[in-house]
Amino acid sequence: MFNNQGTTSLPEQASCKKANSPFSWLSKTLLGVSFAIVIASPGYAATEAPAHAKACLALQAKFPQFKGKTLVDAINPHTPGYESLDPKDPGKYIGFDIDLAEELGRCLGFSVSYKPVAFPALIPTMQSGQADLIISDIYATEERAKAVDFITYSKVSDGVLVAKGNPKKITGIDLSMCGTTAAENTGFVEVPLIENLAGPCKAAGKPAPVLQLYNNNADCVQAILAGRADTYVNDVNTVDHAVKAYPDKLSKALAVTLPYFIGIGVPKNNPQLRDAIVAALTEIQKSGFETALLKKWSLGEGSLEAPRVITSK
Amino acid sequence: MELFLHYLTLDYLLYGISLTLEVTALGLAGGLFLGVILAGMQMSRHRWLSGFARAYAVIFRGTPLLLQMVFAYDALPHIGLKLSAMGAAGLALAANEAPFIAEILRSGVLGVDRGQVAAGQALGMSSSVLMRRIIAPQAIRTMIPAFGNESVSALKNSSLASIISVQELTLRSTQLASSTFDFFSIFFASGVLYLLLTSAIGGLQLVAEFSLDLDRAPSRHPLLRWFSRFFAGNAKGTSAAPAQAASNVASEPLASDEQAVSPAVVIPMSRRDRAARSAGLSQGKIMVQVQNLSKRFGDHPVLSGLNLTVRTGEVVALLGPSGSGKSTLLRCINRLEEWEDGAVRVGGRRVGYAEGGIVLTPTEVAKQRAVLGVGMVFQQFNLFSHLTALENVSGPLRWVHGMSAAQADRRAHELLQRVGLGHRAHALPRHLSGGQQQRVAIARALAPRPSVLLLDEPTSALDPELVNEVLEVIRKLAVEDGLTMIISTHQVRFAREIADRVTFLSNGIVTEEGPADEVLTRPKHPLTARFLRVMGADSPAAIPL
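Chains A and B, in that order, give the protein sequences. So for the first sequence, the numbering used here puts the first residue at 28; every next one is plus one. So for the second sequence, the numbering used here puts the first residue at 12; every next one is plus one.
Just so you know, these hints were derived from the structure itself, not from any lab. Since the structure is predicted, the reported quantities are computational estimates derived from the model, not experimental observations. Note that CB positions come from ideal geometry on N, CA and C, so glycine has one too. Mixed in with the good hints there might be a few duds.
Covered, in the sense of this in silico footprint (three residues per stretch, anywhere, with C-beta under 8 Å from a C-beta of chain A), are these stretches of chain B [claimed, not checked]:
no.: 1; stretch: 189–201
no.: 2; stretch: 452–460
Coverage of chain B stretches by chain A, computed from C-beta distances (three or more under 8 Å per stretch; other residues unrestricted) [stated by the list, open to error]:
no.: 3; stretch: 72–86
no.: 4; stretch: 499–511
Here's a subset of chain A near chain B, in silico, CB distances under 10 Å, partners left out [to be verified]:
no.: 5; residue: Pro114
no.: 6; residue: Pro143
no.: 7; residue: Gln154
Build out the structure end to end from the sequences listed, making use of the hints.
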């Protein structure tokens, strides 16, 4: 399940480190991959050790099975702020979730490689054994917890993205959405909520909302930009990011929205990994590291959530 | 524009190309491998093999590639087969390409003229020699455009691997767009990159078509030469088995060239000469013996207990209306057809059966044809259309009889000289007239020194003005070489001139048989008489009404 050799480790991180000639990419990449195997041994350098470094060493002793391994993290890297390519160096993923995954790895002694998949493919990818964990801004809901175990690490409210000036006067997943078109990703928790509006809308004598389903955040934002959809409901940070990217075309609606917990997904058949992540996350939060990360990525310092396992049969 | 150029040359996207090409290459190579197997199974005589191939095609052609990719990536691990993303994408693409490639291969093979296959079989080629020398070189030429299409489609389909996390061009483009919000510059750049790749495939297709173009003079460029040889597989001098003795065929041409051939002056043999000749022949060894031969196509009987004996040096003309079984009889003598009942013996050996009555396999039949030496000339000539006149004659000598290239070419040149076509040795069949093609076909049939030559309506497909040049060649073979021949023909006059005996067929049985002179001038059977009357315009011996 884990790659000892690291042959598939970090091909993204390793590749394309600003090659000089556009045609030297192949050889550089091959070199890069082989170097990555050597360099990427995780651990703390003496100078930059954070406050939880000592506790992490104890955890490495307690959970030795992860030390030196490469764990595959399934991500849907279309959510700037949480996970996306580094626009300055597309060979790398960046974001709050990436930093957190790297820090968890450093704490428990494993390195992380990233597997980019569509949002609805996150859970199936881990279930089929193609990934070891999911850290990808995914809400830890009861429904999803039937398939995977979650460890909470952040809480967030939904935001409502609309075209500039909110021409349809949408105020959230309520009767204001009747007769409008909403863009969502397949598998998003908002999808059934919007679908359930059909009844109340009909009762109010209005048409039901129309749903357009996409595979990632960027497609949903594009749907509004192209005038195909009126709204896109997702976590408020992602909505803010989109508004920041297109200030002339998009707005965040003034809306009353639900709070959600964001969780790290781990397989149900790997309680050791679950326990190790809970323990490491506890230390990373205790030292103030996660709060610093939330600040770094402008996600709101108050959105920290203590590690709690969400599981259901 | 600046952004577009930036993304067009961005290493991150260029590296994606290499993964795109990797998925495509895996898909095409795997698809070709599976496709060859599937095509073979589909054309197999075993019903369960072809059934399996058909079921495979239904499933993999009938489901979306996207689902197949997800299946290979997410479902196979549940049965313990965990492939890398690249491996899963390659497997899914290969499995999906296979039935399409199999159909291309199958239609290419089936598209090769059946007559050429029959001609190859008649020359004693085994299935593998036929496939390698006759079918594949022609099929490949016709398949190149379809393969070009398939490669372009596979390249574009490789973008679906993005769904299972293969970092190819499409996935890299979408991720990059998500993080930079430069949607249009990025997708325009990646579109241009795809266009460059598909254009490159189009270019390769053109090069392949150009280098395999038969109408083009052989290229001097080594790369193109290699390319032609690689695809066509018709390089000279591949076999160098111990040679047979060099020939000492009469150097005098049978037909010096077309002008010289046509106004042939025919001096019929006198009755006394004929009597002497037939007396001599009747003492000869039996060369071909057909006993009680019966064959049916479905419910329709074609041959019904037919008997025929031909002695060494005899020329027998088969006459009879269309559908009387003449062609089928000739094809049976060469075991190009199977039959229900009866036996055919050539040179005393039973055709199609081993000692003890065991049916020979197709490979053994091919060997037997080469050993017995039954040459065949077809109504439609059936020259191998990708080979020059010379190669048509010399090729089978190398491939079937193991002659060295030099000896085979020498023999081929001699024979082409004899049929008056020495100057057309390097012409392709399609550049020859019908009469010339049939003369090359005769040279090809004579090349392995057959003990008996079967000619199936050799002039029926020719324009009237070309008939004589072919008849003249055949006439000289009979008179000068004393070759044993069985000719089915509608040329009553010609039959009378050169045949020792005439056998008249009707509805699959022999209705009348005897010395040519006798049967053609004084037919006893009413069917024979009627037939001769109908053909009367051609025959001076026809009985006036």
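Hint check results:
no. : hint    : in the structure
1   : 189–201 : holds (count 5)
2   : 452–460 : violated (count 0)
3   : 72–86   : holds (count 4)
4   : 499–511 : violated (count 0)
5   : Pro114  : holds, 4 Å
6   : Pro143  : holds, 5 Å
7   : Gln154  : holds, 8 Å
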